[in-house]
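Below are the chains, spelled out letter by letter.
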Amino acid sequence: MTTDTAEAVADFSTASSQAALATEPPITFPKNSPLQRAWQDIVAGTCNWPLWLMLAYQDIKLRYRRSVLGPFWITLSMAITVYAMGFLYGHLFHIDLPHYYPFLVTGMLSWTLIQTIIIEANDTFEMMSATIKQVKLPYSLHIHRIVARNLIIFFHNILVIIPVMVIYHATMPLNAYTLLVIPGLALIYIAGVIYGLILAMLGARYRDISQMVKSLIQVIFFLTPVMWNPATISGTHNMEMLVYWNPFYSFLQMLRAPLLGQAPTLLNLMIVLGVMLVGAVASLCLLARYRARIIYWL
Amino acid sequence: MAIIALKDVSVQFPVYDSNTRSLKKNFLRLATGGTVSEDNRKHVMVDALKQISFTLQDGDRVGLVGHNGSGKSTLLRLLAEIYEPTNGQLHIDGHITSLLDITHGIESDFTGSENIAMRGAMIGLTRKEIKEKTAEIAEFSGLGDYLALPLRTYSSGMRMRLGFAISTCIKPDILLIDEIFGVGDASFIDKAKQRMVSLLEQSSIVVMASHANALIENFCNKALWLEGGRIKFFGPTQVALERYAEAA
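Protein chains in written order, with the working numbering: chain C, 1 to 298; chain W, 1 to 248.
Please keep in mind that the hints were generated in silico from the structure rather than gathered at the bench.
Idealized CB from N, CA, C, for every residue including glycine.
Please note that the accuracy of each hint is not assured.
Said to hold, decoys possible - SDA-like cross-link-like pairs, simulated, lysine to any residue; straight-line CA separation at most 25 Å:
{"id": "1", "chain 1": "C", "residue 1": "K133", "chain 2": "W", "residue 2": "V44"}
{"id": "2", "chain 1": "C", "residue 1": "K133", "chain 2": "W", "residue 2": "L100"}
{"id": "3", "chain 1": "W", "residue 1": "K7", "chain 2": "W", "residue 2": "T55"}
{"id": "4", "chain 1": "W", "residue 1": "K50", "chain 2": "W", "residue 2": "Y244"}
As the list claims (entries may be wrong) - From the derived model, a few chain W residues whose C-beta atoms are all more than 10 Å from chain C:
{"id": "5", "residue": "S10"}
{"id": "6", "residue": "E84"}
{"id": "7", "residue": "A121"}
{"id": "8", "residue": "K133"}
{"id": "9", "residue": "A135"}
{"id": "10", "residue": "E139"}
{"id": "11", "residue": "S155"}
{"id": "12", "residue": "R159"}
{"id": "13", "residue": "D185"}
{"id": "14", "residue": "K191"}
{"id": "15", "residue": "E201"}
{"id": "16", "residue": "A247"}
Hey, can you work out the whole structure from these sequences and the hints?
Shown next as structure tokens:
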């Protein structure tokens, strides 16, 4: 059988390859547009949730391997940070602790989630380059892995608020609004994947972006009312605008408000949805344009 | 039915951490590697593959020959769907197994079984399949209880065994091999050879890169000779190897 095929292609050199190709049964090459392929990448990546969930979980397991407390080090280090900060700033700024503690703890928890997603998303493709160069997987799957990992860490961190909730139950009630945590997390997750994709692509192509983002995020942390109460700047119009139109504040409120037993404002929700819509269009366009190039950037 | 079809496929790499000014002009045509040039934005570009066209169908066993840097590995990565063509069209149908860099992506802090589970999930196995395969991999690799230990305790030979056992545990339609014969010690080489031969026989299409011409003569009915990213010759193994030997 092999000799037959061998004779058929005996004179199959580069020059005659075009002619030989024409005599063979015609091959239909898939004609998917880059946009379709980008969309397929996102759908395939999202649908393979058992894989990214497992990888996210493995990442956490790996980080705390051989330590006695394991992932609960996340909880403990968060607890030490926020309890110490609350005590220090509460006394420094002469704010009454029953109001300040719940505000700071919920703010820090929500901010940490948002911040680490942003920082880690930047290096996603670089970090996963060994896998990307070895196994063909949708690019969006790696982003899901990063965002899911941070969500799991958030669920460890959330234990920190339990003592605060018990001690300051008067200023931090559990009520129907608390349930809004779930849609809040969902919105942050989706936004994390949307913007994670953009940041990961930028970070893979321009290696300065990740350093830039790391220092910028510190500035944004101070500009956003995480540690300080936005009520303290009421009256100064410009500052108020800066706070209420700050998209980070709106995303923060998606989590903090329900945790404090309040509802986020309609403006918060509108800003969040608007930012997500713009991001979704931008990330789809970028992915359509550059998806095939990502591998060559690594 | 498996099929691989390429039409005028080119692969061009940008190299961002190299400055065009640091290139000596006489380097532009090199003995090894693709052509180095610069694009209109002054980025260094490497033409790894240039206008490759061929079609492979069931029963084709193709050996890739050529110098270091002639584009063999790039072509294999392209066929593994890891690289995408920068130009031209590519159509691949069939389940692909690539044995390109078998120990790559192995996590050294994870145990053998965890690595099997992770790699298995990545190549698309279900939980149940992974369980079945784990026993088979343990048996084949001969690692036994070592699978419960983290990979960093393994010798490099043991890593190769594990990587090989995982990579070859599913039967593909298309098999891509990059210089893989000779894994592990003498006793394992025989086992590995047997498995390779059985995989080679069961796959519809095989593409293998090797500098060992004897291997290509034994296993391939066609050979593709690459030079500087272009096809120099594609045809029966004997003819290709003869012409390649004459040129060298």
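Comparing the hints with the structure gives:
1. C:K133 <-> W:V44: holds, 21 Å
2. C:K133 <-> W:L100: holds, 10 Å
3. W:K7 <-> W:T55: Since the Cα atoms of K7 (chain W) and T55 (chain W) sit roughly 8 Å apart, the hinted pair holds (cutoff 25 Å).
4. W:K50 <-> W:Y244: holds, 19 Å
5. S10: holds, 12 Å
6. E84: Given a closest Cβ separation of 4 Å, the condition is violated.
7. A121: Violated, since 5 Å does not exceed 10 Å.
8. K133: holds, 16 Å
9. A135: holds, 20 Å
10. E139: Non-interface label stands for E139 (chain W): nearest chain C Cβ at 24 Å, farther than 10 Å.
11. S155: Correct as stated: the minimum Cβ-Cβ distance to chain C is 20 Å, above 10 Å.
12. R159: Non-interface label stands for R159 (chain W): nearest chain C Cβ at 14 Å, farther than 10 Å.
13. D185: holds, 25 Å
14. K191: holds, 23 Å
15. E201: holds, 13 Å
16. A247: At about 13 Å from chain C, A247 (chain W) clears the 10 Å cut-off, so the statement holds.
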